[in-house]
Each structure stands twice: as structure tokens, then as C-alpha cells.
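Colleague: So the protein lines, in turn, are chains F and V. The numbering used here puts the first sequence at residues 45 to 653. The numbering used here puts the second sequence at residues 19 to 279.
For the record, the hints were derived by calculation from the structure and aren't laboratory data. One or more hints might be untrue.
As the list claims (entries may be wrong) - Only pairs whose alpha carbons sit at most 27 Å apart, straight line, appear in this in silico DSS-like list of lysine-lysine:
hint	chain 1	residue 1	chain 2	residue 2
1	F	Lys593	F	Lys580
2	F	Lys260	V	Lys84
3	V	Lys124	F	Lys131
4	V	Lys173	F	Lys260
5	V	Lys84	F	Lys142
6	V	Lys84	F	Lys548
7	V	Lys84	F	Lys196
8	F	Lys331	F	Lys593
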Amino acid sequence: MQTHQYDVMIVGAGGAGMRAALESSVRTRTAVISKLYPTRSHTGAAQGGMCAALANVEEDNWEWHTFDTVKGGDYLVDQDAAEIMAKEAIDAVLDLEKMGLPFNRTPEGRIDQRRFGGHTRNHGEAAVRRSCYAADRTGHMILQTLYQQCVKNDVAFFNEFYVLDLLVDHDLAAGDPGEDVNVLGVVAYELATGEIHVFRAKSVVFASGGAGRMFKTTSNAHTLTGDGIAVAYRRGLPIEDMEFFQFHPTGLAGLGILLSEAARGEGGILRNADGERFMERYAPTIKDLAPRDIVARSMANEVREGRGCGPHKDYVHLDLTHLEPAHIDAKLPDITEFARTYLGVEPYTQPVPVYPTAHYLMGGIPTNVDGEVLRNNTDVVKGLYAAGECACVSVHGSNRLGTNSLLDINVFGRRAGIAAASYAVGADWIELDDDDDPAAAVVAQLDAIRSREDGERPGELRRALAETMDANAQVFRTEDSLTQALADVRELAARYREVCVQDKSQAFNTDLLEAVELGFMLDLAEVVVLGSLLRKESRGGHFREDYPKRDDDGFMRHTMAYRRPLSDDGSVGDATGPFAVSSAADDHRVVIGSKPVTQTRYQPMERKY
Amino acid sequence: MSATTQSPGKAAEVPSFDVTVKIMRSVPSDVPSAGYGEPVPAPTSRWDTFTLTMHGSDRVLDALHKIKWEFDGTVTFRRSCAHGVCGSDAMRINGRNRLACKTLLKDLNLRKPITIEPIKGLPVIKDLVVDMEPFFDSYREVQPFLIVSGVEPTKERLQSATERALFDDTTKCILCACCTTSCPVFWVDGQYFGPSAIVNAHRWIFDSRDEGAAERLEILNDREGVWRCRTTFNCTDACPRGIEVTKAISEVKRAILTRTH
């Protein structure tokens with residue numbers, strides 16, 4: 045075991061982690077731990093753009109952007125956070141340009157902007173050009189630019205290290221509360237050698253990304269297994285709004301590979317088997333540029349009512365054939381290549397088969413607007429921060445608007461980096477208890493999996509998890525389907541306790557780490573399903589066929605889920621009304637409470653487009 | 019009872035087929051290194067052969083996953099995004115550098131076994147996993163970041179579409195190392211910067227906003243710089259992003275010859 049000491053440890057080297065690192069590393073001694081080489085992070089797969097009301101090509105202002113974000117999130121957005129994001133968006137884009145990001149340009153040489161789903165002029169009048177972009181590889185450019193700046197600033201990285209535990213001075217999961225709860229560091233596994241490393245830190249920033257791999261059809265990388273969220277949850281911290289998962293409308297049919305909403309921003313049209321532009325029926329004003337939850341549901345509904353395309357009528361068409369090939373090549377080069385490579389479809393002349401794909405987790409580790417992690421509705425864990433997809437500020441509410449994730453990582457990555465460094469500079473080191481081996485839990489967990497001689501392989505369990513999530517907790521959900529999903533997830537979790545890997549070696553043991561990742565996903569899937577079950581309403585990305593209306597009286601609150609021992613009395617957080625759930629699995633209890641939504645200037649209205 | 023409309027099954031439309039995959043296995047000595055970048059002892063290598071039933075548009079990465087998840091969990095490779103944008107799964111497939119996630123099985127000759135080896139010229143750690151540090155060292159040496167002086171503008175720096183087009187191609191690089199590890203010069207001379215580092219220098223040398231071109235050109239004028247390139251075009255053929263790598267290297271050569279300072 046090796047021990048390291050840094051003032052600030054950042055977990056994850058995607059957009060949020062590296063943006064935090066750029067701030068923190070100039071203020072105090074900082075290091076970044078990443079399970080991948082930084083340039084492999086999934087920020088690089090983002091395509092369409094990053095919205096900011098620069099007003100470079102038409103009238104716009106940050107207040108309209110705030111409103112669109114709040115309405116897009118079906119009013120579950122914390123409005124103070126959305127306002128900060130929309131305001132700081134302008135500098136966030138300009139900062140990236142000043143770091144050298146090669147944005148597409150207007151004829152005047154300024155940053156060009158284009159239309160994107162749910163982004164409108166004057167509170168919904170018409171689509172507005174707000175998305176700043178670099179062809180359809182904006183995320184790639186952001187990831188490369190931030191890594192370049194990290195190289196320039198000599199930021200310390202521990203690449204291919206997996207963070208498997210969070211060290212805090214009170215074990216909340218075991219029912220040990222504290223007046224003050226402080227972060228002490230993290231425990232990580234070095235993939236190349238199999239060694240365990242303890243990283244002591246005054247501040248820890250989680251920026252570890254999403255968890256899309258719990259679904260079968262997903263745009264997410266294989267490595268997006270919710271590690272950071274699960275690590276915090278296992279240590280007894282709440283996780284917020286996990287039932288809100290975004291299904292992106294245009295995944296390549298059967299594969300889930302993302303085709304950017306920019307395709308529709310540039311004029312692409314969704315059509316059913318009759319060639320009808322069906323979005324005119326569902327969203328008469330902005331049609332194909334309605335928010336993603338609405339478009340995804342509309343597509344799934346077309347298929348369900350028998351108007352799907354193809355031999356099995358199981359997808360719809362994204363039609364770009366009316367666009368000039370030169371325009372497609374200039375604005376959408378990558379996604380059209382995906383259609384050619386993976387489906388053998390030529391988008392110049394043929395419509396592209398598409399179907400919704402699990403894309404983005406709106407929920408995550410609850411934070412305030414400075415990225416400080418909450419341990420209940422009001423108190424924070426001192427020194428612990430989170431930003432990006434693993435965090436829930438909540439600027440996305442129940443449905444994130446396109447481009448707001450690239451914005452989120454830049455705005456809140458920066459804020460978390462500054463806050464973490466400021467805290468660390470003023471804080472004293474907290475001594476570890478001499479009797480405690482900080483790595484004991486991780487070592488025991490890994491040894492148990494590795495030393496088991498007989499048992500099921502993780503691959504089979506992972507496949508079963510993804511299949512039940514797709515079948516029962518996807519675009520359409522019901523009491524029955526979710527009850528089935530919960531039973532399946534818990535049965536798989538029980539089988540997981542006897543999981544066995546074939547690779548017993550130390551060096552580069554990805555067999556072992558995939559098993560660990562599966563455990564994280566099983567823990568989170570249980571919360572996704574429990575949250576979906578209790579939320580007997582439809583809002584944003586969460587659609588209950590048995591409760592198709594939004595219910596502001598009953599459910600205009602954030603869900604807060606805590607992992608607790610079976611013996612827990614089930615009274616955490618603000619557990620009232622339908623949110624007062626205490627659900628026992630066979631070795632733990634999930635206790636759910638709720639947190640109020642912060643409303644400032646916008647009253648909930650019916651959500652029409 | 020499922021409430022969901024079944025997502026489309028890609029396997030349903032295209033028949034399945036059998037494929038034989040031969041993987042170069044290299045097992046390291048199972049002793050953790052001291053953690054100071056000591057080279058791992060030379061692994062022992064062998065070929066393992068697997069016969070699989072695959073479907074329609076399955077990729078080489080799908081075959082590797084099937085092997086790992088259903089046959090032999092010890093088969094080791096890197097992967098992440100699975101659609102050709104993260105650059106994790108560069109490997110030598112039938113003797114050519116490609117991304118496993120971007121290579122469809124049906125596009126290969128399935129009558130013969132498909133061979134999969136690690137990319138060449140970097141130390142093998144285990145099976146298809148190589149030590150990428152020497153590759154990233156070369157990248158970092160060319161100062162791959164914006165170099166500017168003077169007062170920062172309040173708004174964005176202006177750049178015309180024509181100016182941006184000069185370096186658009188080289189901004190696509192995902193640092194997968196397909197180009198560098200397909201280069202015969204790199205195979206015999208690990209000190210050579212290699213195509214990828216030059217591509218990333220090009221990206222800045224031709225950016226109208228950048229002021230560090232002279233420095234970078236001097237770095238690449240080194241004896242291990244652009245002049246080692248023998249213009250074999252292996253790199254251009256290998257690039258999964260379609261970057262005209264050899265052309266970019268030629269433009270850097272020309273910039274060195276025509277510079278005025």
C-alpha cells in the first residue's frame with residue numbers, strides 16, 4: 045500500500061474534473077485521479093455544442109436561457125443554480141476560446157451559434173441560435189483543450205487509478221452521525237500493478253461522470269458505471285433524483301450510438317413509416333427541436349402505435365436528405381460517418397434509423413452552487429465537492445436541455461475547483477485514527493471477489509441488469525414494470541455476492557475491476573427503480589403510464605435516497621408524504637426522503653412547446 | 019409484463035456467422051512494479067484462438083467482449099466509448115492498426131482467422147495493453163497548447179473561417195496512437211516524435227491565434243523531428259479519424275524550410 049498526500053484530490057479527468065483542476069492547481073497542491081487517460085473521458089463524445097447567450101448571431105440574453113433550463117427540466121430545477129449557470133455561461137465559453145478551443149466562426153470571425161432543442165427566444169416564442177460549437181465534435185474539443193491546459197500547467201495525474209472508497213471521519217452508512225463530518229481522502233486501485241493507494245486530502249472533488257451502462261441501449265462509454273456516485277452512497281451520503289434518466293431521442297437504432305441533436309438544429313427532421321413529420325403533432329411550435337424527453341416519448345409512441353420504420357417497425361427515421369451534402373460535411377461530419385460506418389446508411393440520400401438511447405443521469409450527488417456535497421438537506425460534508433454528471437446541483441431538474449451538460453461541467457467544475465482549493469488552504473489536516481487501516485474495506489472487497497473459486501461470472505449478471513432496466517425502467521414505466529425491475533435488481537444483487545472472476549492476477553486485471561463496477565451499478569439501479577416507483581407522476585425524463593400527469597402538489601420535491609443498515613429506523617432527511625419510503629433489501633435498507641425545490645422567479649406552468 | 023416498446027434488435031435482420039479470432043496473449047510477470055516507471059519484464063507471448071458466433075454489424079470490440087465475458091476473463095484490452103472517439107482500443111487487426119470499435123467484422127475476410135495484436139513500438143504490459151507513456155511524452159514535448167502574449171481580450175479572439183480551416187483536420191486527433199505505432203521509423207527509433215505528436219504541433223503552428231510556432235518548429239527541426247519521416251503514408255492509412263497525417267507532416271516540413279526567423 046502506498047500513501048500520498050495532496051491538499052486537493054480530484055476524482056475524474058473529464059471536463060468537470062479538469063476544469064476544477066485548472067482552478068485548484070494554481071491555488072494549492074492538487075492531483076487528479078482518473079480511471080482512464082484523461083483524453084479518453086466521455087466528455088469527448090459530446091457533439092452538438094455548449095449554450096451561452098452570447099447573442100453573436102441574434103438577440104439573446106441569459107434570462108431567457110435560465111427560463112428555458114427551468115422549463116426544460118419540468119420545474120424540478122433549482123432556479124438559483126440555473127440562473128448562475130446561464131449567467132456564467134458567457135464567460136465559460138469565452139474562457140474556452142481564450143484557452144484555444146477552435147469554435148466554428150461567423151463571417152465576422154466571432155464564435156458561431158446554432159439552434160438546439162428547448163432553447164428559445166423570449167420564453168418559448170421560437171428556437172434561438174444559442175449553441176456555441178465546433179462542428180459536431182464540441183465535447184472532443186473541450187476535452188482536448190482542457191487537457192492541453194493541464195499539460196501547460198503541469199497538473200499531476202494518476203491515470204488508470206480506480207477510486208473505490210471515500211474516507212470520511214463518521215461512517216454515516218453505519219449510523220454514526222457527527223456534528224461535523226469531514227473528508228479525509230480516497231482509496232484507489234492502480235490498474236497497472238494491482239496496488240492499493242491511500243490519497244489523503246483536505247478537499248476531494250468528485251467529477252466521475254455518469255452511470256449509463258446500467259441500461260442496455262446507451263450512448264455511454266463502457267466505463268460509465270457510476271463509481272463516484274456509488275462510493276459516496278455506500279458511505280451513507282444521500283443521492284438525489286436518481287429516477288431521472290435522460291433517454292436521448294436519436295441513438296443509432298439497435299446500437300445506441302449518439303447522433304447529436306445538432307442534426308435537428310441544422311434542419312434534420314424525424315419521420316415515421318408514413319413519412320410524416322410526426323413532431324408537428326406533439327410540439328406544434330418548435331417541432332423536432334422540442335426537449336429530449338418529449339421527442340423520445342413521441343418517437344417511442346409512434347413505434348408503439350405501429351408507425352415505426354423498418355422490417356420490424358421498431359425505429360423512426362432521421363431525415364437529412366434535404367440538406368446540402370456540403371452543409372452536412374461542414375456541420376455534422378462525425379455523426380454522418382457513424383451512420384455510414386455502423387449502419388451502412390448514406391445520410392446524403394437515405395434516412396438514418398434512430399431510437400432513444402439512455403444518455404444522461406440528471407440526478408447524482410447533491411451539492412450546493414459551490415459544489416459542496418450535502419449529507420442531508422442542509423449540512424455539508426466539509427471538504428467534499430462534486431461537479432458534472434455525477435453531481436446534482438440541480439440545474440437539470442427532471443430533464444436536461446441539450447448543450448447544458450457541457451455548460452454544467454465548465455461552470456460548476458470551475459466553481460468546485462475554486463471552492464475546494466479555498467477550503468483546503470484554510471483547513472488543518474485531520475489525523476487518521478491509528479487503529480484504522482483506511483484501505484481495509486477496499487482490500488477485503490477485492491480479495492473476496494478475487495479469491496472466490498466458484499461462482500457466476502459478472503458478464504452474465506451485467507447483461508441481465510441491463511436487460512431488465514431497458515425492458516422495465518426506460519422511456520415508459522408502470523407500477524408493474526418497476527416492481528419487476530426491483531425484484532430483478534435485488535435478485536441480481538444477491539447473486540452478485542457470489543460473483544467470481546477468472547483473472548486472479550495483479551497486473552491490469554480488468555476482469556476484477558469490471559466486477560467491482562457491476563456492484564456499483566447494482567446499488568445505483570436499485571435507487572433508480574425505487575425512486576421511479578415512489579414518484580407516482582410523470583415529469584421530464586420520468587414517465588409513468590399509470591400516472592401520466594405532473595403532480596406538483598404531491599411531487600414537486602427532490603428525491604433523496606440514503607443507504608442505511610437494516611436496523612435503521614428509517615427517519616432521515618425530510619421524509620414526508622409519498623417520499624417517506626424505507627425499503628429493506630436483504631442486507632441493507634434504502635431510506636428515502638425529499639428536499640424542497642428552490643424557486644426564484646418562475647412559477648410552474650404547463651409545459652407546452 | 020414489460021411496459022417498454024422493444025428497442026430494435028440489430029441481430030434480427032442480418033444472419034449470424036462464425037468467426038475465428040486469434041489473439042496475441044502476453045502475460046506479464048505478476049510482480050507489482052516499484053511504481054517508478056520501471057519497465058515491466060519482457061512478457062511471454064502466445065496465440066490463443068477462439069471461434070465465436072457473431073451477428074450483423076458486430077465489431078471486433080464486440081468479439082473481444084464476447085471472448086472476455088463468456089470464454090476467458092483474463093483476455094485484457096482497453097476500451098471505453100465504443101464508437102471511435104475516445105481512442106482507447108487501438109490494436110493491430112489483421113496486421114493493420116485500427117480501432118476495434120470501428121472495425122466491423124463483416125468488413126474483414128471471415129474465411130481466415132482474424133489476428134489481433136497489440137500496437138507495435140510501445141512496451142506491452144499485458145495482452146493488447148501497451149504502455150502509452152512514451153507516446154504521451156512525445157505529445158507533451160511539442161507544447162500542445164495555445165501560446166500567446168500580451169493582454170487577454172475581453173471577448174473572444176477573432177478568427178476567420180478560412181484561418182480556422184488551415185488546422186481543422188489536425189484538431190480531430192484523438193491520441194489513439196494508430197498513426198505513430200504504424201510508422202516503420204518509430205518501430206526502430208523510439209526517440210522519434212512520431213506522426214501523432216507532429217499532428218498536434220501542426221494543430222497549433224497553423225492556428226492564427228497562436229504565437230508559439232517558431233518554438234515548435236525548432237523542436238521539430240531536431241534530429242528526432244520531422245526529418246525522420248520517410249513519407250510512407252502508413253500513418254495516413256492508419257488514422258481512424260481520416261486525418262491526412264502525412265500531408266500535415268509535409269506542411270510542418272515546409273514551414274521549417276520557409277520560416278524567416
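Colleague: Please go over all the hints and tell whether each is borne out by the structure.
Modeller: Checked hints:
1. F/Lys593 - F/Lys580: This hinted pair holds, its Cα atoms lying about 9 Å apart.
2. F/Lys260 - V/Lys84: Holds, because 15 Å separates the two Cα atoms, which is no more than 27 Å.
3. V/Lys124 - F/Lys131: 50 Å, violated
4. V/Lys173 - F/Lys260: Roughly 43 Å between the alpha carbons, so the hint for V/Lys173 and F/Lys260 is violated.
5. V/Lys84 - F/Lys142: Violated: V/Lys84 and F/Lys142 sit about 45 Å apart, past 27 Å.
6. V/Lys84 - F/Lys548: 19 Å, holds
7. V/Lys84 - F/Lys196: 40 Å, violated
8. F/Lys331 - F/Lys593: Status holds; Cα separation ~21 Å.
The structure fails hints 3, 4, 5 and 7 (numbered hints given earlier, in ascending order).
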